[in-house]
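**Student:** For reference, the chains in residue letters:
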Amino acid sequence: MRRSRMLLTLASYAWVLAFLAIVLFPVVWIGLQSLKSYFDVIAVPPRFVFTPTLANYRSVLADTGFLRAALDSLVVSVGAVTLSLAIGVPFAYAISRFDFRGREDVAFFILSTRMLPAIVVIVPFVQIFSRIGLTDSYAGLILAHVLVCIALVVWVMRGFFNAIPIELDEAAIVDGASPLRTFFSIVLPLARPGLVSVASLSFLLSWNEFLFALSLTSFDVRTLPVFMATEFIGFLAVDWARLSAAGIMATLPIVVMVAVLQRHLVSGLSLGAVK
Amino acid sequence: MNTQRRFAYWLTLPVTVALLALLLYPLLYAAWLSFVELVPRSAPAFAGVANYARVVGSEVFRIALVNTAFFTVASTALSFLLGLSLALAMLNLRRAVRMLVTLAILPLAVMPVVSGLTWGMMLNPSLGVVNGLLRSWGIAGPGWATSPDLALLTIVLIDVWQWTPFCFLILYAGLQALPGEPLEAARIDGANGWQRLLHVTLPMLRPIIAITLIFRFMEAFRAFDVIYTVTKGGPGRASETLILRAFLETFTFFNPSSAAVYGIIMLVITILLARPAARLLARRD
Chain A
1 MRRSRMLLTL ASYAWVLAFL AIVLFPVVWI GLQSLKSYFD VIAVPPRFVF TPTLANYRSV
61 LADTGFLRAA LDSLVVSVGA VTLSLAIGVP FAYAISRFDF RGREDVAFFI LSTRMLPAIV
121 VIVPFVQIFS RIGLTDSYAG LILAHVLVCI ALVVWVMRGF FNAIPIELDE AAIVDGASPL
181 RTFFSIVLPL ARPGLVSVAS LSFLLSWNEF LFALSLTSFD VRTLPVFMAT EFIGFLAVDW
241 ARLSAAGIMA TLPIVVMVAV LQRHLVSGLS LGAVK
Chain B
276 MNTQRRFAYW LTLPVTVALL ALLLYPLLYA AWLSFVELVP RSAPAFAGVA NYARVVGSEV
336 FRIALVNTAF FTVASTALSF LLGLSLALAM LNLRRAVRML VTLAILPLAV MPVVSGLTWG
396 MMLNPSLGVV NGLLRSWGIA GPGWATSPDL ALLTIVLIDV WQWTPFCFLI LYAGLQALPG
456 EPLEAARIDG ANGWQRLLHV TLPMLRPIIA ITLIFRFMEA FRAFDVIYTV TKGGPGRASE
516 TLILRAFLET FTFFNPSSAA VYGIIMLVIT ILLARPAARL LARRD
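So the protein lines, in turn, are chains A and B. Counting in the numbering used here, the first sequence runs from 1 upward without gaps. Counting in the numbering used here, the second sequence runs from 276 upward without gaps.
Hint data in this document are derived by calculation from the structure and do not stem from the laboratory. All values reported here derive from a predicted model rather than from experimental measurement. Worth double-checking, as some hints may not be accurate.
[Said to hold, decoys possible] Calculated Cβ distances over 12 Å to all of chain A for the following chain B residues:
1. Arg316
2. Gly323
3. Tyr327
4. Gly332
5. Ser333
6. Phe345
7. Leu402
8. Pro423
9. Leu458
10. Asp464
11. Leu473
12. Val475
13. Gly511
[Claimed, not checked] Stretches of chain A that chain B covers, calculated by requiring three or more beta carbons in the stretch to come under 8 Å of a beta carbon on chain B:
14. 29-38
15. 133-139
16. 203-213
17. 247-254
From the three backbone atoms N, C-alpha and C, an ideal C-beta is built for every residue, glycine too.
Please model the complete structure; the sequences and the hints are all you need to start from.
**Tutor:** Shown next, in the form of structure tokens:
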């Protein structure tokens, strides 16, 4: 019994380490590639030992539209997160606190937007946007990203509001606070962990979103995923060295954010199903 | 009470408006598109189910449907099994070592476009590191994304790399939240490790397993970024899925009605699966 227990522990360690090696290899490799010279990148056999250089990073920042794309991404993501929270959090509070007919149906409907295959609304979006002048604009992409984020915001925040006793609201009302004041100064501060989780995950969704960005924007607005997918791909060859450097820089902010907020991640990813 | 009702109404108004404008109207528009024939320089003519008949009857659709089914099922099953085994293994580790969780979930944060491009680089038949390493061990590596037989499987593996951490993270959190007493009772009754896993742990974990599978399935069903960046559906149509086909119909063949048909078909499949998912989530509340 004891021996089999030890074997199990040993096997567990081996499996976790093997898995980590596979998971981390591409990350390490793209890191190495980003530090190589143009020729080391495509060397056969692949080089693990080489003279590192920061030239790729310098070149990406100086010679390409990377910074512009990063700025576009930032504007779109911040805009989408702000708007999603501004409309989604009050909505979540309402369906947590007030009982009205069809409440569960509304909640289901919102949930189903998270599973919507974006492609079905892309054809209409393209046509409607060009008619009202939203094609290739910040506003257009931000609106599309609100659609991507809203289910997450509503469902996770609803879970957090449900966990706050309604007696607190009632006490505030009895003390003469207006409903609006109760919401802002009593309930919202208590739901702060939820807000952090929802805001950061929405940011991740918007920052990484590719299909809407590819379909709805072109020259004026170009977010990082679209930039990454087009900038370094030539007709005959891919500029792997600079692609790697740009990939590292585009991904790093989100990786850091996820590492820091790991604790908050689970409830967000499962739309509040797992706390 | 009346002020409260009015307050609730104002709170729900913005989302209602947003969903009407951003979802309901576009969906109706897509449905309309799928039933008309667009003729240049004249009014769209009602076409009945002609668009559906044309799309569903085509070989292209059949290939995309089969590819989507294979991709979705294979990717969901593999990432779930890997994620579950990793979560179970992680529980056997010392507490301090469990900090490794942070490393294991890294791919979740990587922009899917970047993981597609990175894997595309690594799997390049002649210059990539994977075949380079294989070659140094005396194995001739295949043309991963360029071979018709392997392209779809290659995409599945990249998707599994990206999404196994998602399954792992949710299942791991679910496992940690399970009560300890039933397991202890089973141990006292003399159940061995396998029996405890199959008859105690997994049944208790069932709701979490269901949620993980449904979310993962939905994500795989509409996966686009990696397919687009690695193969664009090729070679030929070897890795062309429904969503990629819909995208091509829209932006390459300028055929909005066909694209709308693909979109509506995907939507119907999603709705059929979304109901049970929503019910499961609601029960957890």
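**Student:** Does Gly323 of chain B really sit off the interface, with its C-beta more than 12 Å from all C-beta atoms of chain A?
**Tutor:** holds (19 Å)
**Student:** With 12 Å as the threshold, tell me whether Val475 of chain B passes as away from chain A on beta-carbon distances.
**Tutor:** Label holds. Min Cβ-Cβ 16 Å, cutoff 12 Å.
**Student:** Just want to verify: Leu458 of chain B was marked as not at the interface with chain A; is every Cβ pair farther apart than 12 Å?
**Tutor:** Non-interface label on Leu458 of chain B holds, nearest chain A Cβ at 14 Å vs cutoff 12 Å.
**Student:** Looking at Tyr327 of chain B again, its CB stays over 12 Å from all of chain A?
**Tutor:** holds (14 Å)
**Student:** Measuring Cβ to Cβ, find out whether Gly511 of chain B lies farther than 12 Å from everything in chain A.
**Tutor:** Consistent with the label, Gly511 of chain B stays out of reach of chain A, its closest Cβ about 20 Å off (over 12 Å).
**Student:** Minimum C-beta separation from Leu473 of chain B to chain A exceeding 12 Å: can you confirm that?
**Tutor:** Since the minimum Cβ distance to chain A is about 15 Å, Leu473 of chain B lies beyond 12 Å and the statement holds.
**Student:** Would you check chain B against the region 133-139 of chain A, counting CB to CB pairs closer than 8 Å, and say if three or more residues qualify?
**Tutor:** violated (count 0)
**Student:** Minimum C-beta separation from Gly332 of chain B to chain A exceeding 12 Å: can you confirm that?
**Tutor:** holds (21 Å)
**Student:** Verify that the Cβ of Arg316 of chain B lies farther than 12 Å from every Cβ atom of chain A, and report whether the claim holds or is violated.
**Tutor:** At roughly 16 Å from the nearest Cβ of chain A, Arg316 of chain B sits farther out than 12 Å, so the non-interface label holds.
**Student:** For Phe345 of chain B, which was marked as not at the interface, is the minimum beta-carbon distance to chain A over 12 Å?
**Tutor:** holds (17 Å)
**Student:** For the region 29-38 of chain A, do at least 3 residues have a Cβ located nearer than 8 Å to some Cβ of chain B?
**Tutor:** holds (count 3)
**Student:** Report holds if the minimum CB distance from Leu402 of chain B to chain A is greater than 12 Å, and violated otherwise.
**Tutor:** violated (5 Å)
Hint compliance for this structure: hints 7, 15 are not met, and every other hint is.
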